[in-house]
Every structure is written in structure tokens, then in C-alpha cells.
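> From first to last, the protein sequence lines are chains L and C.
Each step along the first sequence adds one to the number in my numbering, with nothing skipped, and position 159 is 159.
One rule links them: number in my numbering = place in the second sequence (from 1) + 1000.
Just so you know, the hints here were simulated from the structure itself, not pulled from any lab data.
Just so we're clear, the structure is a prediction, and the values are computed from it rather than from any experiment.
A few of these clues could be false.
Unchecked claim - Every beta carbon over 10 Å from chain C, so not counted as near; a handful from chain L, in silico:
| no. | residue |
| --- | --- |
| 1 | A13 |
| 2 | R116 |
| 3 | D119 |
| 4 | I120 |
| 5 | I132 |
| 6 | S153 |
| 7 | R188 |
| 8 | R189 |
| 9 | R210 |
| 10 | V216 |
| 11 | D248 |
| 12 | R322 |
As the list claims (entries may be wrong) - To spell it out: a stretch of chain C is covered by chain L in this simulated footprint if at least three of its residues, at any positions, have a beta carbon under 8 Å from a beta carbon of chain L; those stretches are:
| no. | segment |
| --- | --- |
| 13 | 1003-1017 |
| 14 | 1212-1224 |
Ideal placement from N, C-alpha and C gives every residue a C-beta, glycine not left out.
The lines below spell out each chain.
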Amino acid sequence: MTAMPAARPRPPAVGYWIGFGVVVVLLVIAPLVLPPFWQRFATEILVWGLLAMSSDILIGYTGMVSFGHSAFFGLGMYGAAAALLTVKPPSLGLALLYGLVAAGAAAVFVAYFATRLRDIYFAISTLVFSQIFYVIIFTWTEVTGGENGLTFSQPRLTIPGLWSDRFTPVTFHWFVLAVVVLSYLLVRRITQSPFGMVLQSIRENEPRTRAIGYHVERYKIVAVMLSGLFAGLSGVLYALQNKFAAPDFVFFVVSGEVVIFNVMGGMGTLVGPFTGAAFFLLLREGLSRLPYLAEYYLIPLGIIFIIMIIFLPQGLLGFLRRRLNA
Amino acid sequence: MDQIIIQTLHGLVNGMVLAMVASGLTLIFGIMDIVNFAHGDLLMLGAFVGASVLGVTGNYWLALLVAAVVIAALGVVLQVTTLRPLIGRDPLTTILATFGISLVLQKYALWQWGPTVRRISEPVPGDFTLFHLQYPWYRIATAVLAGLIIGGLWLFLKYGKYGIWIRATTQDRVMAQAMGIPVPLVYTAVFAIGSAMAAASGVLFGPFAGVTQTMGFDFTLRAFIVVVVGGMGNLGGSILASIFVSLLESYASIVVSPAQAVIVSFVVLVLTMLFRPTGLFVPTPK
């Protein structure tokens, strides 16, 4: 971690915005040219990337490693399921609202307790909290469907008074893309705001930040809540895409993958987690197609991950870190 | 009443096995500042190695020994190849690295031994009557054996020459190095000892519920809980905490299902971290 250079007028980040535009345009075109399997794959990368980006607010910007993001993701899924199963006709807006409320409530709960702890203790406590949610969801069969989870039908894409249509894979991809791009710009703005600067100073030197007079705990709580909300949002999107909610997605493995995405792509860049998700999922897809390997893809993938931790701790996009935050 | 006595016995036996797992974990943490996410998977691999040796030779004690030695060797390899390069980095990177190891080990076990449950037959036959239950002697023997192994570890740390090296490294690694203790070697040895403890507890636990490649995570989580509750890096504290948490879980399972009883230990953990983050069973730090 390098210290922030002294404040000097920022050069306009032309290169950054050109790159951003190109990537977004490519992602808009992607579903039109890709075959159906890869179309779906691209959408999934965006959803997992959003989840990983939400975790980057904590890992990359505040210096807190969360091993419990599956809880927020899963509650987003179950929140969406609740809205789609109880309210007729199923409404997209309500699914988003319920999902965000569920994830937000979980985030408040976790943030209140976990932010009092630091480093590995924070990591372990988030892990334990996510397991609490997992056990509750897994055993409370009457409400959550237990091991089988819940299935529901996709709501229509509705813009009130203007338009209403069924989702096709292409429009769904665009919908996810829109949500993801807006979330990215919002989170980027937040990390560059004075609030975001305080988070980064907590990462660099917590006692000093406290000494300057910032109420560190309060900032951490807000950071966890923000992160939880965006994780919940990605959960809602995933539920909408797959039309089910299942306890597997609350399990710790998902949290672990989120951390892997961050490390592989580059923490503290917001774009890195998307790259990491794409890299991981593509690698998984490629490895699981190899003969003899199939379901054991995690063996080479795990080894690649360990090698990257040792030799490439900044991740794939780490070298761009300064520019991506410009 | 008889329910309570049965559950007390149950909690004590589970607590002793857990204490063995946790003592390896806490040793590794206390000396190397490494939170070993792969600890449960080393246990799982040990149980599989034990089951295989048992299948070939039919000798349980040989299986226990071979499992411990094989996994200790694996521990040495893992420490030298992945953890040694990370010394001096943020402790969080070691969590990530051991998490990666855990993924690899789990899938390796699936590849090598398949998804079916392996049974380890009970080395001590027979059972005795406890109220309406036939309680197997094996469980009692396991608890006693676990106690003996932990006691042996404690004696080794207290009086053995190399045990004193290990404790010196825990207290002050720079000073230890200055006094001529080969600190990197101590690190590797400690990781090997911790791995062997995990493997041995895997073989001990094997007859309770069978061996599957997913059993590791559960143990990792529970060992984390008791290690934090007992005070990170504190051997005695972890052992007391293991028994304490296991007893609480046993009593809770009288009321709710065992799957939900796990939440009790989660709650104990959270309360400990909030009100006594240095651990329940250690003297208050000054």
C-alpha cells in the first residue's frame, strides 16, 4: 500500500473515460453477437462482478476483508423471491426493493457487531455471521424452502406508463448492464468523495485517522452497509436471471469466491473485481472442459490463485490502480 | 436428568476431539500469525489416509500413526512452498493462501477417494449401558487418547528442548533468532506438528460420523470459534473453550435440532469478541 501523493490538480482522465466507453459499448454489443451460452455467461460475469465490486469497497478501500458477502448476496436473492412469490402480479421494482431491504437489514446487523473487530477477527466474524444466516435459511424449511430453495417466475420489465415487456436474454443483459454501470459510477463517486477518502485513510493508518478526529467505527459501519446493499443488489439480479433462490448461495464458498475475484483482478480498483470474476469464470469454464479434469477444475484454479497471491499480489489490474482511481 | 448426563458426556467427548483440532490451529497462529483456513482439510485428508491404511493393514493404531506422519510431511511441503514466501506480508494474505490450499485439498480428496462416505471401524469394541443408551467405549477411549496427545504436546512445549525453542519464538522471534534458534525451521516444524495433530484428530473422529471430503470446513469453522473464544494463540484457553463450547452445543441440542445448535457456538463467539476480545479463559491483560 503506497501513501497518497500530496494533493495536486488532477489531470483530466481522458484515457480513463475513453477506455470506460469502449468497454461499455462492447458489453452492449456482446449479447447481439454471442451465441446463447456465452450471452448468458456475459450476464453472469456482470452479476458476479457487481458482487465482487461491492466487496472491494471493504477489501480494497477500507482494508477490511469480508468473508461473509454470501449472506448479503443470498438475502438479496431471498428478498427478491419473497417479493415475487407473495405479491401478484410479480413486480420488478418490488423484487429490487425487498432484496435491498433484506440485504440492508442483514448488513446493519453484521456491521454493528463486526466493525468493532479488526483484521482477521473481522474476517472471521463476518464468516460466522454468514454461517448463522446460512443455518437459519437452511433449517427454516417452511419459509425458505430449506435445502430445495424457492423457485418463481421472472417479472416483466416495466417502465411505468411507458413500456412493459417480457425479458429476453438480450434485454435482460442490457438491464443488468445498466444496473451494473450505474452502480459502478455511483460507487466510484463514493470512493472519491470525502467519505471515500476517510475510508482510504482508515486503510492506510487507522489510529492516525482516529487521532485526526474521525469517528472510525461510524465510517466502517456505513462502509459495510453500502457494501452489503450492493451485494444484495447483485443477489437480486442473480435471482432474476435464474428464477430461483437457494441456500447454496448463502454458503461460505460464495464469499470465498468473491475474495478470489478481488485478489485475482486487483483490489482497490473497482474494475479489478469484474476482471477477476471474468478471469475466474472463464478459467473455470475452460478447465472444466478439459478431459479428466471436469469437476476437479478447482485443483489447478486453486494453484493458480496461490501463485497469484505470491507473485502478483496486486492482481491483474493492479498496475492500473492509480489510473483507475483518477 | 439422564438426558443432561448423556449430553454432558457427549459434549466432553466432542470437546476433547475439538480441543485437539484447535490446539494445532492455535499453535500455528500463536507462532506464525497464520490463520490456517486449510486446517480442517488437513484433518479431512488425514482421516482419508487413515481410512486407506486401515483398509490395507486393518491396524487402527498404525493408521493413526501413518496419517499423522503423512500429513505432517504434507504440512512441511505446504509451508515451504506457499507460506514461507508470504512471511512478512499482511497476515490477511496468508488467510487467502490457506483458503486456496483448502480448495485444492478438498478437490484432491474428491478426486482421489470419491464422494462416498468412508467408514473407519471402531478400534475399541463394546459399549456400556448409560440409562436407556448403549454408549460405546470407543468414544470414551477417544476422549482419553485426545487428552493424552494434548498432554504430550503440552509437556513437549514445556520441557522439551525444541518445545522451548518454539515457545521462545512465540514470545519474541527476533530475540529467538539472535540467540541462535533457527526460526524458519521452527516455523516449518510447528506447521508440521499442527498438521499432524489435525490428521490424528481426523482419524480419531473418523468412527463417529464417517469421512467425507466436505467434513473439513465444519471443523475449520468450529476450531476458529474455540480458538478465538479461548484467546488466540493460547493453548490452555483453546482447550477449555473447546470443552465449553461443545458442552453448550450438546445441551442446546436437547432443545433444538443439532443443525441449529451450531448457532449457540456462533453466539458465544460473537459475545466473546464483543465483550472480551482477548479470550474467555485467559487472565485479563494489563
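> Are the hints correct? Go through all of them and say.
Here's how the hints hold up against the structure:
1. No Cβ of chain C approaches the Cβ of L/A13 within 10 Å, the least distance being about 29 Å, so the stated non-interface status holds.
2. The claim that L/R116 is not at the interface with chain C is violated, since a C-beta of that chain comes within 10 Å of its own (minimum 6 Å).
3. Once the 10 Å rule is applied to beta carbons, L/D119 is inconsistent with being away from chain C; the minimum gap is 7 Å.
4. For L/I120, the condition that its CB be more than 10 Å from all CB atoms of chain C is violated, with the nearest at approximately 5 Å.
5. Listed as outside the interface, L/I132 is inconsistent with that label: its C-beta sits roughly 5 Å from the nearest C-beta of chain C, within the 10 Å cut-off.
6. No Cβ of chain C comes within 10 Å of the Cβ of L/S153; the nearest lies about 31 Å off, and the non-interface call holds.
7. Residue-level check passed: L/R188 sits 24 Å from the nearest beta carbon of chain C, beyond 10 Å.
8. Separation of L/R189 from chain C is adequate, the least Cβ-Cβ distance of about 27 Å exceeding the 10 Å criterion.
9. Every C-beta of chain C lies more than 10 Å from that of L/R210, the closest at about 17 Å, which supports listing it as non-interface.
10. With 10 Å as the threshold on Cβ separation, the claim that L/V216 sits away from chain C holds: the shortest Cβ distance comes to roughly 16 Å.
11. With 10 Å as the threshold on Cβ separation, the claim that L/D248 sits away from chain C holds: the shortest Cβ distance comes to roughly 13 Å.
12. Every Cβ of chain C is farther than 10 Å from the Cβ of L/R322; the closest lies at roughly 20 Å, confirming the non-interface assignment.
13. Remark: the segment 1003-1017 of chain C is not confirmed as covered by chain L, as 0 of its residues place a Cβ nearer than 8 Å to a Cβ of that chain, below the required three.
14. Remark: the segment 1212-1224 of chain C is confirmed as covered by chain L, as 3 of its residues place a Cβ nearer than 8 Å to a Cβ of that chain, reaching the required three.
Hint check: violations occur at hints 2, 3, 4, 5, 13; the rest are consistent with the structure.
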